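Chains as they are written, first to last, in the working numbering: chain A, -2 to 741; chain B, -2 to 741.
Bear in mind the hints are in silico, worked out from the structure with no lab data behind them. Bear in mind the structure is a predicted one, so any value in this text is a computation, not a measurement. A virtual CB, placed ideally from N, CA and C, is assigned to each residue, including glycine. Please note that a few of the clues may not be correct.
[To be verified] Keeping only pairs whose Cα atoms sit at most 25 Å apart, straight-line, the calculated PhoX-like set for lysine-lysine is: (1) B:K182 with B:K594; (2) B:K182 with A:K472; (3) B:K594 with A:K594.
[Stated by the list, open to error] Label pairs and their in silico Cβ distance ranges: (4) A:T468 with B:K572: 27 to 37 Å; (5) B:H56 with A:I117: 58 to 68 Å; (6) A:E88 with B:G286: 30 to 40 Å; (7) A:T468 with B:L581: 40 to 50 Å; (8) B:E476 with A:R474: 22 to 32 Å; (9) A:S430 with B:L581: 33 to 43 Å; (10) A:R591 with B:G173: 29 to 39 Å; (11) B:A334 with A:G286: 23 to 33 Å; (12) B:G286 with A:I120: 23 to 33 Å; (13) A:T530 with B:D145: 45 to 55 Å.
Protein chains: 2
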Amino acid sequence: MQKLKNAVFALALATVATAANGAAVEHLTGFVDVDRQLALEASLTKSLSATELAAWSKHLSAHAHHAGSPYGKENVQFIAELFRSWGYNVEIEAFDILLPVPKERELILEGPSGYRATLIEDILEEDASSAERAEVLPPYNAFSKDGDVRGELVFVNYGIPEDYEMLERYGIDVTGKIVIAKYGKSWRGIKPKLAAEHGAIGAIIYSDPADDGYARGDVYPTGPFKNSSGVQRGSVMDMPLYPGDVLTPGEPAIKGTRRLEIAAAPTITKIPVLPISYRDAEPLLRALGGEVVPLPWRGALPITYHIGPGPARVKLKLVFDWQRITIENVIARLEGATYPDEWVIRGNHHDGWNHGASDPISGLVALLGEAKALATLAAEGKPPARTVIYAAWDAEEPGLIGSTEWVEKHRLELNSKAVTYLNTDGNGRGFVSIGGSHTLEGFFNEVLASVIDPQTKVSLAARRRAMLSVTGDEKQREELESRKDLRIAPLGSGSDYTPFLQHLGIASANFGFGGESAHGSYHTLYDTFEHYTRFRDPGFVYAVTLAELLGRTTLRLANAQVLPFRFTGLADSLKLYLTELEALAEKKREEAKRNNKLLENNAYGLALDAKKTLGAPKALPKVPFFNFAPLQNALAHVEDSATALDKALDAGDLGNVDLVVLNRRLYQSERALTSTAGLPGRNWYRHQIYAPGFYTGYGVKTLPRVREAIEAKLYDEVDHQIAVTAKVLAAFAVYLEETRALIP
Amino acid sequence: MQKLKNAVFALALATVATAANGAAVEHLTGFVDVDRQLALEASLTKSLSATELAAWSKHLSAHAHHAGSPYGKENVQFIAELFRSWGYNVEIEAFDILLPVPKERELILEGPSGYRATLIEDILEEDASSAERAEVLPPYNAFSKDGDVRGELVFVNYGIPEDYEMLERYGIDVTGKIVIAKYGKSWRGIKPKLAAEHGAIGAIIYSDPADDGYARGDVYPTGPFKNSSGVQRGSVMDMPLYPGDVLTPGEPAIKGTRRLEIAAAPTITKIPVLPISYRDAEPLLRALGGEVVPLPWRGALPITYHIGPGPARVKLKLVFDWQRITIENVIARLEGATYPDEWVIRGNHHDGWNHGASDPISGLVALLGEAKALATLAAEGKPPARTVIYAAWDAEEPGLIGSTEWVEKHRLELNSKAVTYLNTDGNGRGFVSIGGSHTLEGFFNEVLASVIDPQTKVSLAARRRAMLSVTGDEKQREELESRKDLRIAPLGSGSDYTPFLQHLGIASANFGFGGESAHGSYHTLYDTFEHYTRFRDPGFVYAVTLAELLGRTTLRLANAQVLPFRFTGLADSLKLYLTELEALAEKKREEAKRNNKLLENNAYGLALDAKKTLGAPKALPKVPFFNFAPLQNALAHVEDSATALDKALDAGDLGNVDLVVLNRRLYQSERALTSTAGLPGRNWYRHQIYAPGFYTGYGVKTLPRVREAIEAKLYDEVDHQIAVTAKVLAAFAVYLEETRALIP
């Protein structure tokens, strides 16, 4: 609607201002009045209070507040009331979802020795919160199926695909057995999924002290790491298929939506699975016989790890209450003064596994701080130009349920209006990390240059650069020298950005601090205010910095005259991903050649110890050469059109362009990277650049059609997946050209 | 003396024969009558008996037989008697040396908690030998000085130079403290040496279960690995300075030799040091406070490892009986029929730390088997052409004393007559490994092609190639394809070859099997016949193969008309070492540049956690460019002359050359790689190509003058050390040219 005069705008977009800290020069892409915006941001920064964040945190994490819990409902009211008090238009949006909670949990080592797993976490004198019992969910994996199974035990390391390949070399088949796997290397839900695919009848997951316990550092309450009774809870829903309510894939879990039968829900596990502590795992592992594990499989318990199967025999019994509960998202809205139909969405979940002081409250209190600051500005007559929506999601822990159902419900409106989705979750201290849409990479870098690290007093960008220059690998260090912007990470899954980014194609990002805050409390009984304030972020120093970072990000996106989307950075990352795919194919080709040649020469037969059971690996299918040309051509096209568009945008001479039309083209560009056909076998996931891995769970797969076809050795499909992805990229290039054409 | 006619010899050297196993074709360099030699070797192979080796092993390892012990003396008589019974001319050569044994050993954790280390190894029902107490030496480090010290404890990881650099970054000074270090990463004697150099007043060494215990596999008696009471004994004499009797450096410890005062002996440690078990180490480590160790420092005890210093305070008291004992080498001689003054020497030590079934008896019984077989051939009228000397050394364990004193005593005669020295020591099962003089690399490869692996029935060379093709790194795999011969390893130190090779320049090699036989019994009470026959080499299968390998090697060297020394293989390895040095200099240069740039940019200041004590590393001295040209030129010269000489030798047309003169030139060629000036600061070590590392102990340093100058950052000295080494190589090239000139 608003049109700016040529001359004014050309001037404005060339403007930079001196930063608040007096040293650096601030670049604010897309602003006519940079000084005004910086003044708003300075005022926002000033209004943030660690004391206030701490008080909210203490209140919100005072009791267990998992989805459906009484204190969770109280928190919803508390959060809603805060927003209302600041002048927000608040809605509590409820959904009716399936959420199993345990009725019976039993794990018994029945032979050759006996042991009944305690399955409880110690009450600690040093942490009063740990004494809460009645309101607390015991350790379990949400969306494990019921089961009562008995079988020989097999140790499967991390329970990821390569571990089963190794077991095959030992001649070990897990069919009819119960597997025990370490947490780590994959998202937890992958472990029972793979175990079931290999024929196991039950699965146990534990945190080995090598990865998460005394071997990493002092354990709680002496230090932050996982003590011998701590158990990581968590969902094992098959989220790489679809997240959200298991009974309503793709649709909101509201009245009128048809629901699957529980037995037909494809994201519930096929076998029962239970997480346990390393104290409970030790007697089980000690009772295993068979071969000693390969060296990289060993953990830090004071035993010799054996693979089994048996002689350890275990009984695993799990009975769940398959309850339907109501979950509640708090949606708080600050109307945009100029562009009310352009939404900048900012979210963090509010449900925890127990007290959740770190996960999710540390991110949520930052969000509340930002929201209050923005409301204050609005009350002073400086409302955002665009509408800002703050969301506190429910039921993220069991499977991103609150956010997913909300996105599914508001699909059409979001498609039209959502500018970006900005996510946080549990936060620590140390170095900033950002994962997200590369169309905003340059913009995020500008924000990182504006925010000062509280410990070192340099910008977040400068501290991150320093860290990478010290600890980065050669490639990262080279990139630091050669690339203007810090490369942001692509997003897989693991928090509420997934439905926005990967289902709808809304440019999204996830922010947090870490690297100096050990995370042994994750999903245990010990994620408490006591633990958080001693070890995660004493003084809420980085919680405030997170609020400043997200506050500035939100406010810039809400106020920019021209939205700061740019496309050459994306093209550069796409080029990197393509290079990775070519290298991956070459690596697989060489591996197959080498492996098969070794088999041909009987090299394994000669090299392996005949007194051991470890055999040669299988022959590998020959890897053909793939036709990457369509992707190369499409990418060249994207590069050209991105360069042209960025140049036009950066020139600042936008003529008589309709800014509403231009901005809409810019923020909807991410939609052009999706396809309604979704990904092979999982059409809920529509983004063709970023996806969580089907067999990694949270780890991202970029250009997923092609990458997963190569990784799964589906070589016949690769050329087709290249072509499909190339078509999306080619259409994206045209989208950019059409957008460029708007500018004279 | 003997001269061969041109025509005959030309024919002979081109001769090859079909191998015993019917398949491969045998190349025997230097033989006129290949078939005769192969027949001799076949007969040798046939006469070897696992039963006999087992019987000798059982007898020799029935009781503890360390240097100076009663059973050691009995073993000497037993060995000598065997040799005599086979017709050898046997001499028992005695030396009078210093060997401290413990009178008092006390290690007490005095605070904050209390613990008195048991310092004893468990008696095991499953191993009758472990019940022997009276004759057994308790765990100690030979040539630790006496001491009675008290101090705060500091954990120094492996106690190697980079660990002290890390401690410095933590601001930790070990001055006045007692250090506790893990066994591994360096030879044990380096640990007290470095600790003392850094100001520590005492040192404790233990085997962490991560390196040598339950984390590697089942512990004894269930499996072969070190149990919680096992302690690795061993010498801590400063052998990189000089080995042998500490009081008589460079001279034989016989009557008339002037001896140093004990207090003046430079190879005795400067501080008391004691080895302990991981059971005794655990309470000490558990009592440490201070920072948690860096991740790579952690072991496998079920604790969080801390660095200290303190609050753990320990008392370490060691009192030794500084006794003078008589040690006895058994020297058995089989006179050469044709060239009695050319000696092929074959040795293995006979003293163990306790029962020593693996170390050294497993190698010694192979030697006895070979000796018997050679004697049998001689008795059948087929004596060796050259004199073969079998040596069973005493007091290898405390510091290569028997062999070193013998070499020092017979220096002149050895210089003139020694053709080669062939060493074995403890043996296991699996893959052959050879380290030694590269002038014999081609020859060793021929032998490896002749001996059949007992498990896979292919040649030792083929099995080793298969293993490297499966587990080797890229460089090794590439070499397998591109290089005719398996590259043999250069020798550092650790067994009796050191005085021969590195003091006198006698071409030497060390042989053994391993890779399929865990070695947790090493230097513990459990190196027993029981352990050996269950885990190291059941059935003495590889002991027999070792006897065949060494028997053939010895017999070929004893009988070859022209000794199989060749020089292009050496030139190739020298080229590799030079490349490594250039790469090392470049790496150091880049490291210094990068490190100093990071310091300049305050990158560490920004990247490190201000709440931790870890600081930035120190600035590094700038690394200048070195003048490698003298080495490059000398090496080019060596290559040319080696190529010419090898070509002349391989042509087989030796004209009227005097074989005694030629062979003497060939076997004395290694002498030309030494310099009487020795190495900087340690003139006992004369070899200019191979040396044990001054700060690694057993790990080899090739081209040691240059390599150690770069590693020690003595950059001002590098050009000089290059020039000195180049001079030796240039003279060696001339030596090869002169040798070439003998052949028409």
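A quick look at each hint next to the structure:
1. B:K182 with B:K594: 30 Å, violated
2. B:K182 with A:K472: 29 Å, violated
3. B:K594 with A:K594: 46 Å, violated
4. A:T468 with B:K572: 27 to 37 Å: Holds, since A:T468 and B:K572 (Cβ atoms, about 36 Å apart) stay within the stated range.
5. B:H56 with A:I117: 58 to 68 Å: 59 Å, holds
6. A:E88 with B:G286: 30 to 40 Å: 54 Å, violated
7. A:T468 with B:L581: 40 to 50 Å: Violated, at about 23 Å.
8. B:E476 with A:R474: 22 to 32 Å: 30 Å, holds
9. A:S430 with B:L581: 33 to 43 Å: Given range 33 to 43 Å: holds, Cβ gap about 36 Å.
10. A:R591 with B:G173: 29 to 39 Å: 55 Å, violated
11. B:A334 with A:G286: 23 to 33 Å: 59 Å, violated
12. B:G286 with A:I120: 23 to 33 Å: 26 Å, holds
13. A:T530 with B:D145: 45 to 55 Å: Given a distance of about 48 Å, which is inside 45 to 55 Å, the answer is holds.
Comparing the model with each numbered hint stated earlier shows that hints 1, 2, 3, 6, 7, 10 and 11 do not hold.
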